[in-house]
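These protein sequence lines are chains A and B, in that order. The opening position of the first sequence corresponds to residue 13 in this note's numbering, with each subsequent residue numbered one higher. The opening position of the second sequence corresponds to residue 93 in this note's numbering, with each subsequent residue numbered one higher.
Misleading hints may appear alongside valid ones.
[Stated by the list, open to error] Capping the alpha-carbon separation at 30 Å, the derived lysine-lysine pairs in BS3-like fashion look like this:
1) A/K221 with A/K235
2) A/K89 with B/K339
3) B/K117 with B/K330
4) A/K149 with B/K339
5) B/K339 with A/K124
Keep in mind the hints are simulated off the structure, nothing from the lab.
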Amino acid sequence: MEIIEADNLSKSFGPVRAVDKVSIAVKEGEIFGFLGPNGAGKTTTIRMMTGVLTPDAGSARICGIDIHKNPLEAKMKMGIIPENGTVYSDLTAEQNILWTAKFYGMDGFSRKKRADEILSYLGLTERRNDIVRTFSKGMRQRISIACAIVPSPPVLFLDEPTGGLDVFSRRLVIDTIRRMNDEGSTVFLTTHNIEEANELCTIISVINKGKIIATDSPEKLKKTFDTANYLEIAFEQPVKKEWFAGDGISRVETHGDKWRLYTEDPDRAVKYCAALAEREHLKILSIATSNPTLEEAFVQLTTGA
Amino acid sequence: MMDLRIFARSVLLVTEKNMRIYYYKGAVVIFGLLFPFIMFLTFFIGRNLDLVMFYPAFLGMMLFFSASSTGPLITPWEKREKTYERLLSLPVTLESIILGDILAGAIFGVVITTIVWSAGSLILHLPLANAGLLAVTLPLGALTFAALGTLLSSPAMSNPSNVMMLSNLIRLPLIFVSGIFIPLSQLGNWEWILTSLSPLTYLVDLFNGSINGNAVYSPVLDVLVLGIVILGFIGCAKLIQQWNLSKGI
C-alpha cells in the first residue's frame, strides 16, 4: 500500500521551473531516499509534499489524505525535520518536545513519558531544562529529531537530517531513522550523502533539474552502470598516465595516490598492470577491483557522464 | 472537511507559543508598554487637564499599542530564525497561525489594559457608566489592533526591526487622528472626516461610552465598524501570507 504519494507536482519560481511533474509513490515501511544535486528540486518537492509550499499543479497524499485539501488531518500523520532542523531557541529542550506533542492530541501523561524516553535515547536528559539557544548544532538537530518523532508518526519526512553534523551526531541520526522505521514509520529522506542513502534506503529516486530521472533500489541503480567496473592500483614509483592507454581500459583517473582504471574486463586489466609493473620495474602497493558505487551511478545519472 | 477540534487546538497552541516567547521581547515591552505611558505623560504633565476625562482616551491608546505590538514581531522573527517552516509543517493551517498570532496580541492588550484600568479606577476613582460595554470594548479593541499587528507582519520580511519601523510608521499617525488628544466632540468638520477613517476613533469612543458615558457615535456603530475592520485585517493578512507561501517566501 502506498502511504506517500505525489502526482505530477510542479512548481515554478518566476521563469525557473523548480519541479516539473514529479510523481512519487512510497510503500508503507520503506525508507525512501530522494537524491539530487544542489538546486535539483529536492527541498521544493518535500515542501510541497508536507504542505509548506503550495504547488502550481499536482497533488500529494499522506496515508491517502490530500495534504493541500485536508492539511490538518494529513499533517497529523507525519513528523518532519525541515532542512535547517530549527527548533524554538527561546524554549527549553523539553518545552519544544512537549509543545510539539500537544499538536498531535497526546495527553499529559503520554507526552511526558514519550519526552522522557526520547530525551534519554538522544542523550539529552541532563540538558532537558536548558534553553535551546545554548545548544550546539548537533544538539539542536537532536531536539529537532525529537520533535519529529514524538508522536510516533506513520510517516517521517527528513530533509538533509545529517547536514553539517559531526560523526557521532550523524551516527545517532541514522540509528534513530532505523529505529523509527523498525517501529513502523515510513521514512522519506532527502540527502546529499550518497553513502548514507546507500546504507539506509530501500528505494531511491534521483531528481535533477526538477525531474525524476531514475527510481529503483540502490543495488539495481548501481547495476544500471555495471559496465563501469574499474580497477584501482597504487605503485610505489611515479607512473605516467599514457602507460595505461589501450588494452580495454576506457578511462584513467587519479584518486589520491591511486590510479583508477575503468574497464569492461577487470581480469584483463589486472594482467595488463602486472605486465606493466614487470616491464617498468614498478612495485605495486595495492590493487583492487570494484563494482560501481551508488555515487558513481548518481554522478552518471545527474551529469549524463 | 476540516476537523474543528484539531483547528481550535492548533490556534491555542500557536497562541501559547507566542505568549511564551514574544511577550518578553524588548520590542514588545518598549512599544507595547513603555511607549503609550511615555506618550501620555508627555501630553499630560504640566497641563491642567481633567485626568478622569482623558483616561478613556489613554486606555484606548494603551490597548491600541499593547495589542498591536506582538503581531509585527512574530512572523519576521520566525522567518529569520527559520522556525516558521517548522511551524508550518506541524498540524496547523495558515488560518490557525494568523488567529494564534492575533489571539496572543489580543490577550497581551487585554491584560495590560485591564491592569491600567484597574489602577486608574482605584487611584482616580474612575466612573463606570456601562460595565457591559467595557466588557465588550476590551476584547473587541484588542482583537482589532492585534489583527492590525499581524497584518503589518504579513509582508515577506525576515528582519523584525524593519517591520517594527513600518508598524510605527502606521501606528503613530493614527493616535493623532483618533480623538485621543483632542476629544471628538471638539473636532472641526474636516478633522471629523479624518478621524472617522481611523478604527482607533471607534475604540476611543467605546471607552468614552463605557467609562464616562460620553460617546459620540452609537455603540452599535462602533462595534460594527471594529468588527468589519477585524475581518478586513484578517482577510488581508491571509491573502498576503497565502501569496507569500505560493512564492516560497
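For each hint, the structure was consulted:
{"no.": "1", "hint": "A/K221 with A/K235", "verdict": "holds, 23 Å"}
{"no.": "2", "hint": "A/K89 with B/K339", "verdict": "holds, 26 Å"}
{"no.": "3", "hint": "B/K117 with B/K330", "verdict": "holds, 25 Å"}
{"no.": "4", "hint": "A/K149 with B/K339", "verdict": "holds, 29 Å"}
{"no.": "5", "hint": "B/K339 with A/K124", "verdict": "violated, 38 Å"}
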